[in-house]
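Starting from the known structure of chain A, fit chains B and C with the ligands onto it as the hints suggest.
Chains as they are written, first to last, in the working numbering: chain A, 48 to 321; chain B, 558 to 729; chain C, 389 to 1386.
Hints are computed from structural coordinates only; laboratory data are not their basis.
Some hints could be false.
[Unchecked claim] Computed spacing ranges between beta-carbons, pair by pair:
no.: 1; chain 1: B; residue 1: Ala-717; chain 2: C; residue 2: Ala-1018; range: 50 to 56 Å
no.: 2; chain 1: A; residue 1: Lys-96; chain 2: C; residue 2: Pro-1312; range: 50 to 56 Å
no.: 3; chain 1: B; residue 1: Gln-581; chain 2: C; residue 2: Leu-456; range: 17 to 23 Å
no.: 4; chain 1: B; residue 1: Gly-597; chain 2: C; residue 2: Ala-1018; range: 45 to 51 Å
no.: 5; chain 1: A; residue 1: Asp-132; chain 2: B; residue 2: Ala-717; range: 24 to 30 Å
no.: 6; chain 1: A; residue 1: Asp-74; chain 2: B; residue 2: Glu-721; range: 53 to 59 Å
no.: 7; chain 1: C; residue 1: Asp-824; chain 2: B; residue 2: Glu-721; range: 51 to 57 Å
no.: 8; chain 1: C; residue 1: Gly-837; chain 2: A; residue 2: Arg-103; range: 54 to 60 Å
no.: 9; chain 1: A; residue 1: Asp-132; chain 2: C; residue 2: Arg-822; range: 43 to 49 Å
no.: 10; chain 1: A; residue 1: Pro-220; chain 2: C; residue 2: Glu-1319; range: 44 to 50 Å
no.: 11; chain 1: A; residue 1: Gln-70; chain 2: B; residue 2: Asp-564; range: 33 to 39 Å
no.: 12; chain 1: B; residue 1: Gln-723; chain 2: C; residue 2: Asp-824; range: 40 to 46 Å
no.: 13; chain 1: A; residue 1: Gln-70; chain 2: C; residue 2: Glu-1319; range: 44 to 50 Å
Glycine included, C-beta positions come from ideal geometry on N, C-alpha and C.
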Amino acid sequence: MKPAAFDYVRAESVAEALAVLGQEGSDARILAGGMSFMAMLNMRLARPKVLVDIMRVEPLARLEVGKGALKIGAGVRQARLLAFDGLESGAPLIAKALPFTGHAQTRSRGTVCGSIAHADPSAELPLCLVTLRGHVHLKSARAGRKVAAEDFFTGMMATAKADDEMIEAVSFPTPKGEGTAFREIARRHGDFAIVACAALVSDNGIRLGVGGVADMPVARDIPLLDGSALDDALNALAWELDARDDVHASARYRRELVRRIGRSTIEEAKRCRA
Amino acid sequence: MPRLSADARHTVRFILNGREVKGQASPRTLLSDFLRHQIGATGTHVGCEHGVCGACTVDVDGMLTRACMTLAVQVEGCAVRTVEGLAPAPDRLSVLQAAFRRHHALQCGFCTAGILMSLDVFLKAVPDPDEEAVRDLLSGHLCRCTGYTPIVRAALEAAAELREVQGETTHA
Amino acid sequence: MLDMPQDKAGEWVGRAIERVEDAALLSGGGRYLDDLGVKPGTLHMAILRAPHAHADIVSIDPAAAKALPGVAAVLTGADVAKLTTSLVVGVKAPVECWPMAVDRVRFVGEPVALVVAEDRYVAEDALDLIEVAYEMRPAVVDPLAAMEDGAPLLHHGFPRNIASDRSFRYGDPEAEFAQAAHRIAISVRYPRNSCTPIETYGLVAEYDPHEDAYDVLANFQGPFSIHAVISRALKVPGNRLRLRTPRDSGGSFGIKQGIFPYIVLGAVAARVAGRPVKWIEDRLEHLMASVSATNRATTLTAAVTPEGRITALDWDQVEDCGAHLRAPEPATLYRMHGNLTGAYDIKNLAVRNRVVVTNKCPTGLNRGFGGPQVYLALERLMQRIAVELRLDPLEVIRRNLIPADAFPYRTASGALLDSGDYQKTLEVGLEAGRLDELLARRDKARAAGRIYGIGYAAAVEPSVSNMGYIATVLTPAERRKAGPKNGAQATATVAIDPVGSVSVHVASVPQGQGHRTVLSQVVADVLGLQPSDIRVNAEMDTAKDAWSIASGNYASRFAAAVAGAAKMAADRIAARLACVAAAQLNVPAEDVMFAGGKIAARSNPANAVPFSRVAALSHWAPAQLPEGVAPTIRETVFWTPPELAAADEGDHINSSLCHGFIFDYCGIEIDRDTGEIRIDHYVTAHDCGTILHPGMVDGQIRGGFAHALGASLLEEYAYGEDGSFLTGTFADYLVPTAMEVPEPVIVHTETPSPFTPLGAKGVGEGNCMSTPACLANAVADALGITDVRLPLVPSGVAALIHGAEPPAPAGARAKPAPAPTGKGERLMRGGGRARVGAAPEAVWAMLLDPDTLAAIIPGAHDVRKVSDTKFTADVTLGIGPVKGRYKAQVSLSDLDPPKAVTLSGKVDGNLGFGGGSGRITLAPEGGGGTELSYTYEAFVGGKVASVGGRLLDGAAKVIIGQFFAALARKASSGKGTKSGLVSRLLARLSSLLGRDAR
Ligand SMILES: Cc1cc2nc3c(=O)[nH]c(=O)nc-3n(C[C@@H](O)[C@H](O)[C@H](O)COP(=O)(O)OP(=O)(O)OC[C@H]3O[C@@H](n4cnc5c(N)ncnc54)[C@H](O)[C@@H]3O)c2cc1C
Ligand code: FES
Ligand code: FES
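Next up, chain A with everything else stripped away, as it sits in the complex (with noise of 0.2 Å):
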């Protein structure tokens, strides 16, 4: 179990990695935290030509509180996100859902933006950035742009990014008094979810993501309803996201988890705006 044969870039700017990205396309991939693509190199599931190491990058390590959007360089790792003064305030869901996010181990060295890229339906950064509405700044050597959450996940580990780009940062929207929750069920402490749902609660309604079941994150703006209303509602966001059977859980029960997990996470939202 070793990787094949890549050569390596260490970029000491962006620039320098975005040319690699722009030679070599898709035989060139971004090495950020490693912590789900080192998995991939040594299984041999990828073999790139070359690997652009991007964390010596200082400018991308930037990560910041303005203009209504917490602000994430790709060099910010998980880690120190989660001990940021800011987080509580800035994005209150991200900081009831990251402590799900593997483990102290990963999360040291995982950054939270390769989290965003790696795509990973079940994971909790996804869901968060697709749940509050963020945005994923992508930059090729030839331009940026920036691409809304529900446009950026296309499939399952599939995204918009091009080959020749790469995130430079996401960014969340700072909160406007919602109510926020984060509730996941895994096997194990630590485990990528089989369902996970955040929620967020306003006086326009309530809006849901859910992830580990569709084949990204997928999040819904519901009524403020209760009672049999929302269960109906649950319940027709649980069929519509199309479950799979898999090792660990069946299809039905990732139903289940959408419209029971679902429900209280809804309601844990509503009492913590209250």
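Just chains B and C with the ligands, lined up with the frame of chain A:
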């Protein structure tokens, strides 16, 4: 911008347990293999090579790091700490190590190096953890022998002892 | 006594002293196999493994791999077979068992070729270059299905896949069943799991052509009966296979017995390469192809009196040993043969044991070894009896327990239970664990509408296996022919060097159980020294050490047998030293005592000589030894208990020497929403005889409990119905972490064994036997169910409590629920329809056009037409970073122009394989259009199926699925499937026809 070719071996220099060392690595050489077989620091173990078991956990620049999920070339210029650097002297044990021995917190000892490194880094940041926090930290490691309880006990006792030592030195 | 047993004063034995092993292990100074360094020039081995559960090997082309710089040799199964003989098969049958597949593969992960190269990285590069063509066969994974008519056959020598079918009868079971007031039965399935040590297999092998001798260093654990299996396979006498083990082992729990086929491979590789060869198994290899516990299907029936007394048991066990019946299997099934009545006094017993082979990894030793399988059935039955007779389950246990005054007790099938007071252990456990409070907690929880249950389990834990039990699989006549097998030779050597310091050597191969510490305590007590005065070596070297077939570390034999043998060796030396000292002290030998590093006169302790002085005499001045006293330099003891006789003509077998007792109970709560099980309270009461080291006994119990918890709630080696292996990473095979393992309440009683030198019994495996049954009983109690499937995954438990599912709302964008396939998880099925604005004839012509095909195969380059209905292509498929190249074969069949055609395909690549077929039907539609409808079935397998689970979250599967998703998924199914065949087909049709296709 250094680009290291796949076909060649490259010199990697870094600080290991406070001393400068160097060795030869291909871009694809894993830090775990490099430490063990190039540098000769075999105390760091390998149990899965996909980031789950935690046996290979080391400290790189203060960050807990899975050596199996890190390339040797990535630690160029970094300060790496491994289990070999924990004891104050070759024939002595650190507070944490001694607590492990007292509590029988190891049996085969294969998972132990990684767990010690995690606790070593953790207890510096969280000197007074409760049991839940210790268990949460330990969830990044698999131990097949102990059932974990002795490890939790050793960690909590070492934390208490370290706080005492800390208190003495700060009050002195 | 609660929790950690207390130290005993005075002696070293019985005290939880710090372990001598630990300082090195805590400082990075371990000496595990991979730490030891190798000779310059040593090569590294990597193994190519079968992606299929059952397939013929059509061809293997190693040319490209051999040509890779750095590669020294590539060997196939045929190459290996030339230099070896088949491994010993566990029963008498015309069946071969090769360490590397020859002609046919029978489980996912079976070795197919090996590479030796300058390093492991290059060796793996070369694996990628080996081309193997397979012809797939149907596979069978379920042991009951394997015995059915028409099931795929694995080995011709095992008709109906049955390797052994034996029936036994003890007492008069028929009569008891005929007159029984109640007949109560239960069927259970014990799943496949493994204790997965954190250190994987490893070996370094060398061959000396001049002496035709092999030298292998491996983290093998014994039993050393396997040494004979290996030397036979390598075609050398035993004295030309030197097998050594390193000082430290990173855990085994039985599993490292299973390294032996790889020892054969490594040895042959070294011979061919002409250089030493090293191999470290990686975790993916370990999970898919090391060994696992057997899975077993059991139906157990009891004849029961109205009071709940069991008068007879009838066992029907079907043991699944996987693809090959490697020695020592079917030992898992027979290890418990003497103990099929558990802790109960049941005189009549009928047994049918069948051993079957299936397309799964071969099985071997694993902690608990047969016990978990037996007790899950037996203790679930006890609970069923209570439910059916409306009795308290605890009462049913009590009424059947063997009376305390009945020991030593001979069980119906021949075990001689050495000692115990089960009633006392049970009562002590109930008291210390506060059953009364637990019962009240259950009442309260239930009153509040929560789901709460209590479970009990009682188990006899056998230890120190009789090497003869395995012969019970043979008929008495076959046994007579095969010659006698019995006993449990334990070996220990105590030696004194010229300065009088003491060394101990045992042939035991510890894997973390602190043997060196315990032996130093045992010998220190005998010789009046400190444990730190004694140096213990537990490395094994078959060329130099005293050993026998039973040597090794398994069947919890250390404390009971090996430590006992060390005591006997020390006693013998001490007796001679006493004579030497007596002469010097001028007292009779009986008056000599050993204490405080001195040998002294008991009557006058001031009359003493230093121990080392007396001890060294045999070296420096042997002539000074008193008349008739042999030298005290070295004493080796081989000890085998006389109680371990061979099976008799009536198939009675005392399968083990000692029998500990465990009584467990627990309270669990089930989350109504998630089906998650929370262990509220767990109590485990043990009697393992004399406790030699309380800390280690405690550690064994906790470790065993954690394993059992994993087996009960989390761990399973899951296979698809087609034999694909689904849990190939530690993110899919779920080992409990510190967050999942609760703290059990541990209680001890001590009834020394009269049969072992120190009174000790084994303790390492008991909870693996009792805990799964105990938790299953608690869940049965909580949910009021009969059929409890392990592991108790939340998804499965939830299905039992959630009732009917709310239907999909009408009009919602609901997708059809995937049709239940009943064929395992990796089969994808679906279908759909679309309208095309062209007549069926035009569409038909299009379908048969290779250009169309070229356009619709995703990622295809280089489409070649082999015949009118056969095409090949190279395709590159990928999702995100996961990308692979595959060879694709596509064919059209069942042509019914212009109405229907079947499109089938197969893709094969390094990441795995996939395939499937779709039936496309064309029907004319008003307005000259066509309605095109289709159904498809697709599957994926190989590496992507094994490792693509949780860690990669199915992504890898999708890559291959893509091809057939592309071949068939509905055109309208959203972003992810835009490249689906139908949408491409429609696009193509519309562009060709210049008309609208919707
Ligand atoms: C034991 C274990 C448990 C885990 N559990 C969870 C969990 O519960 N939840 C969870 O969400 N994750 C989990 N993870 C994965 C998580 O730790 C990873 O950190 C995260 O998914 C990837 O971040 P990274 O920085 O490590 O990215 P890498 O692994 O370096 O990269 C991942 C992918 O993203 C690409 N990439 C990275 N950064 C960029 C960028 N800036 N621009 C473009 N492409 C980029 C890479 O090329 C690669 O394809 C777990 C991992 C492990 C080992
Ligand atoms: S070896 Fe690195 S986490 Fe297991
Ligand atoms: S001590 Fe053996 S795995 Fe932890």
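Right, here's what the structure says about each hint:
no.: 1; hint: Ala-717(B) <-> Ala-1018(C): 50 to 56 Å; result: 55 Å, holds
no.: 2; hint: Lys-96(A) <-> Pro-1312(C): 50 to 56 Å; result: 52 Å, holds
no.: 3; hint: Gln-581(B) <-> Leu-456(C): 17 to 23 Å; result: 21 Å, holds
no.: 4; hint: Gly-597(B) <-> Ala-1018(C): 45 to 51 Å; result: 46 Å, holds
no.: 5; hint: Asp-132(A) <-> Ala-717(B): 24 to 30 Å; result: 29 Å, holds
no.: 6; hint: Asp-74(A) <-> Glu-721(B): 53 to 59 Å; result: 56 Å, holds
no.: 7; hint: Asp-824(C) <-> Glu-721(B): 51 to 57 Å; result: 40 Å, violated
no.: 8; hint: Gly-837(C) <-> Arg-103(A): 54 to 60 Å; result: 57 Å, holds
no.: 9; hint: Asp-132(A) <-> Arg-822(C): 43 to 49 Å; result: 46 Å, holds
no.: 10; hint: Pro-220(A) <-> Glu-1319(C): 44 to 50 Å; result: 47 Å, holds
no.: 11; hint: Gln-70(A) <-> Asp-564(B): 33 to 39 Å; result: 19 Å, violated
no.: 12; hint: Gln-723(B) <-> Asp-824(C): 40 to 46 Å; result: 45 Å, holds
no.: 13; hint: Gln-70(A) <-> Glu-1319(C): 44 to 50 Å; result: 49 Å, holds
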